[in-house]
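S.K.: Sequence lines, in order, name chains H and P.
FYI, the numbering for the first sequence is 1 to 225, going by my numbering.
FYI, the numbering for the second sequence is 1 to 111, going by my numbering.
These are computed hints drawn from the structure, not numbers from a lab.
Heads up, the beta-carbon is just placed ideally off N, CA and C, and yes, glycines get one too.
Where hints are given, some of them may not hold.
Said to hold, decoys possible - Some, not all, of what chain P presents toward chain H, calculated at C-beta under 10 Å:
#1 T2
#2 L15
#3 V26
#4 S27
#5 I29
#6 F32
#7 L35
#8 K43
#9 F45
#10 L63
#11 G70
#12 M73
#13 K75
#14 A83
#15 V92
#16 M100
What the hints assert, rightly or not - So the derived label-pair ranges between C-beta atoms look like this:
#17 P:T64 x H:D94: 50 to 56 Å
#18 H:D64 x P:F45: 25 to 31 Å
#19 P:D36 x H:A117: 18 to 24 Å
#20 H:M136 x P:T2: 29 to 35 Å
#21 P:G80 x H:P201: 27 to 33 Å
#22 P:R88 x H:D64: 50 to 56 Å
What follows is the residue order along each chain.
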Amino acid sequence: MHTADLRRGVRDVAPLLLGIAPFGLVVGVAAANAGLDLELAIGMSVLVFAGAAQLAALELLRTDAPLVVVISTAAIINLRMLMYSASIAPHFRDLGARLKGGLAYVLTDQAYALSIARFENGPDVDRVSYYVGVAMPIWLVWQVMTVAGALLGAGVPDSWGLDFTVPLVFLALLVPAVEDSATMAAAFVGGSVAVIGAGLPLNLGLPVGATIGVLAGATFETVKQ
Amino acid sequence: MTTGYPDPIVWLAILAIGVLTFAIRVSFIALFGRLDEIPARAKLFLRYVPAAVLAGLVFPAFLTFDGAGGPAMDKLLAGGIAAAIAWRTENVLATLLAGMGSLWVLRFVVL
Chain H
1 MHTADLRRGV
11 RDVAPLLLGI
21 APFGLVVGVA
31 AANAGLDLEL
41 AIGMSVLVFA
51 GAAQLAALEL
61 LRTDAPLVVV
71 ISTAAIINLR
81 MLMYSASIAP
91 HFRDLGARLK
101 GGLAYVLTDQ
111 AYALSIARFE
121 NGPDVDRVSY
131 YVGVAMPIWL
141 VWQVMTVAGA
151 LLGAGVPDSW
161 GLDFTVPLVF
171 LALLVPAVED
181 SATMAAAFVG
191 GSVAVIGAGL
201 PLNLGLPVGA
211 TIGVLAGATF
221 ETVKQ
Chain P
1 MTTGYPDPIV
11 WLAILAIGVL
21 TFAIRVSFIA
31 LFGRLDEIPA
41 RAKLFLRYVP
51 AAVLAGLVFP
61 AFLTFDGAGG
71 PAMDKLLAGG
81 IAAAIAWRTE
91 NVLATLLAGM
101 GSLWVLRFVV
111 L
C-alpha cells in the first residue's frame with residue numbers, strides 16, 4: 001500500500017460521500033418500511049452493496065412480488081457494472097485472484113468513475129492503493145447510514161410518506177443517466193410502459209417497461225444512424 | 001405494508017442478489033486475458049439499461065392512481081418539482097429535500 005495514493009483516493013471521494021450518505025439513509029428507511037429487521041438490513045447492505053438494486057428489491061419485497069421478479073430486477077439494475085468491470089479490468093490484470101475478488105466486491109458507480117479518470121488521465125498512482133482509498137470510505141458510509149436509516153425508519157409514522165424518498169433517489173440517479181436523445185427515448189418509453197403496466201400481475205410492470213425501454217433506446221440509435 | 005415473506009426467504013433472496021451482483025462485478029476483472037471486451041451488440045443494449053430501469057421505477061411512483069379518482073396530486077406535483085430540481089442540481093440531497101418538502105407542504109398545508 002502506498003499511503004500517499006491511498007490518501008489521495010480518500011480526498012477525492014470525500015465530496016461524493018455527501019451524496020452517498022442520504023442515499024444510504026433512504027435504503028435503511030426502506031428496509032424498515034419493508035419489514036426487515038436490523039440484521040436483514042445490515043446483511044443486505046453487506047452482501048449486495050449496491051444502492052439502486054437494494055432499493056428496488058426492497059420495494060418489490062414490500063409488495064410481495066414473486067422472488068424471481070425481485071432477484072432478476074435487482075440483477076438487471078446491476079448489469080451496468082459489467083461495463084465498469086470490463087473497462088477497469090486491464091488496470092487490475094496483474095493482481096492475484098483473491099485481491100481481484102476483493103476489489104470487485106467494492107466496485108460502485110463512484111469508485112469506478114473516480115478511479116478510471118485517475119488511471120487513464122491523471123498522474124501515475126499505485127492503482128490498488130488509490131482504488132481502496134476511494135472504495136473503502138464509500139463502503140463504510142454506506143453501512144453506517146443503512147443502520148441509521150433502519151433505526152430511524154422504524155420510528156417515523158406512515159403519514160410522513162417516507163416511502164416517497166425511494167423514487168426521489170431513483171430520480172436523482174435517472175437525470176445523469178439521460179445523456180442524449182436515445183437514452184431520453186429509453187427513459188420515456190420505459191417509464192410510460194411501467195405506468196401503463198402498473199396493474200399487471202406479479203409486479204411485471206417494471207421488467208416489461210424496462211425491457212421495452214431498452215429496445216426503444218437501441219432502436220432509436222439504430223434508426224438515427 | 002411490510003413484506004409477507006418470512007425472514008429465511010428474504011435472506012435467500014438477498015443472498016441470490018448478492019451472488020449475482022458479485023458475479024457481474026468480478027466478471028471481466030477475473031476473466032481479463034480470456035475475455036477482454038463486451039461484444040458491440042451487447043453494449044448497444046447495456047447503454048440503455050440505467051435510463052429505462054430507473055424511469056420504470058420513478059414514473060409509476062409519481063403517477064399513482066388510488067381507487068376510482070384521478071392521479072394522487074400530491075405525489076404528482078411533488079415529483080414534478082423534484083424533477084426540476086434534480087435536472088438543475090444533479091444532487092441527491094437537493095432532490096430529496098425538494099421532493100419531501102413539497103410533498104409535506106402539499107399534503108399537510110395545501111391539499
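S.K.: Using Cβ atoms only, decide whether F45 of chain P comes closer than 10 Å to chain H, and label the hint accordingly.
M.R.: holds (5 Å)
S.K.: Taking the least C-beta to C-beta distance, is L15 of chain P closer than 10 Å to chain H?
M.R.: holds (6 Å)
S.K.: Does M73 of chain P pass the interface hint, meaning its C-beta sits closer than 10 Å to a C-beta of chain H?
M.R.: violated (13 Å)
S.K.: V92 of chain P was flagged as interface toward chain H. Is the shortest Cβ-Cβ separation under 10 Å?
M.R.: The hint holds - V92 of chain P has a Cβ within 10 Å of chain H, the shortest such distance being about 4 Å.
S.K.: Starting from the hint 27 to 33 Å, judge whether the C-beta atoms of G80 of chain P and P201 of chain H obey it.
M.R.: Holds, at about 29 Å.
S.K.: Holds or violated: S27 of chain P as interface residue toward chain H, Cβ cutoff 10 Å?
M.R.: Result: holds, 5 Å to nearest chain H Cβ.
S.K.: Given the hint of 29 to 35 Å, is the C-beta distance from M136 of chain H to T2 of chain P inside that range or not?
M.R.: Holds, at about 33 Å.
S.K.: Assuming the hint says 50 to 56 Å, is it satisfied by the Cβ distance from T64 of chain P to D94 of chain H or not?
M.R.: holds (52 Å)
S.K.: With a cut-off of 10 Å, does the beta carbon of L35 of chain P approach a beta carbon of chain H closely enough for the hint to hold?
M.R.: holds (9 Å)
S.K.: Identify whether the interface hint at K75 of chain P stands, where standing means a beta carbon of chain H within less than 10 Å of its own.
M.R.: Holds. Min distance 7 Å.
S.K.: Given F32 of chain P as an interface hint, is the shortest Cβ-Cβ distance to chain H below 10 Å?
M.R.: holds (4 Å)
S.K.: Go ahead and decide if the range 18 to 24 Å is satisfied by the Cβ distance of D36 of chain P to A117 of chain H.
M.R.: holds (21 Å)
Checked against the numbered hints listed earlier, the structure breaks hints 11, 12, 22; every other hint is satisfied.
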